[in-house]
Amino acid sequence: QVHLVESGGGLVQAGGSLRLSCAASTSIFSFNYVAWYRQAPGKRREWIADIATTGTTFYADSVKGRFAISRDSAKMYLQMNSLKPEDTAVYYCSTRNVHKRFGSNLNWGQGTQVTASS
Numbered sequence: 001q002v003h004l005v006e007s008g009g010g011l012v013q014a015g016g017s018l019r020l021s022c023a024a025s026t027s028i029f030s031f032n033y034v035a036w037y038r039q040a041p042g043k044r045r046e047w048i049a050d051i052a053t054t055g056t057t058f059y060a061d062s063v064k065g066r067f068a069i070s071r072d073s074a075k076m077y078l079q080m081n082s083l084k085p086e087d088t089a090v091y092y093c094s095t096r097n098v099h100k101r102f103g104s105n106l107n108w109g110q111g112t113q114v115t116a117s118s
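For the sequence shown, the numbering used here begins at 1 and goes up steadily by one.
There may be inaccurate statements among the hints.
Stated by the list, open to error - Cut-off 25 angstroms, straight-line C-alpha distance, at most; resulting in silico cross-link-like pairs (DSS-like, lysine-lysine): (1) K84 - K43; (2) K100 - K64; (3) K43 - K64.
Since the hints were derived computationally from the structure, they do not count as laboratory data.
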């Protein structure tokens, strides 16, 4: 079983930055896609970014231009800039082998809280 562990969350003022990390118990390159999702209180889990083994990245419109996903063999990362209060959520990393973003997830981390205060 693959374990994913997120870190790097915290409290930041609006306009600030955070970098999330997700450590995997196996090579990140074992998966065709690694991704970040988030879930705010009372809302459904939202996909926000993917990176494929080719290095191609995909972003939700809500974070495009502000967030950047990257990875190396052991970890995936999410650089978050220009944070807004509406970015407040628990952030999760996940792995998949197909492009379908929900229902095909192989593994999930436990989540890390990000709070952007106004």
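Hint by hint, which ones does the structure fall short of? Those not satisfied: there are none.
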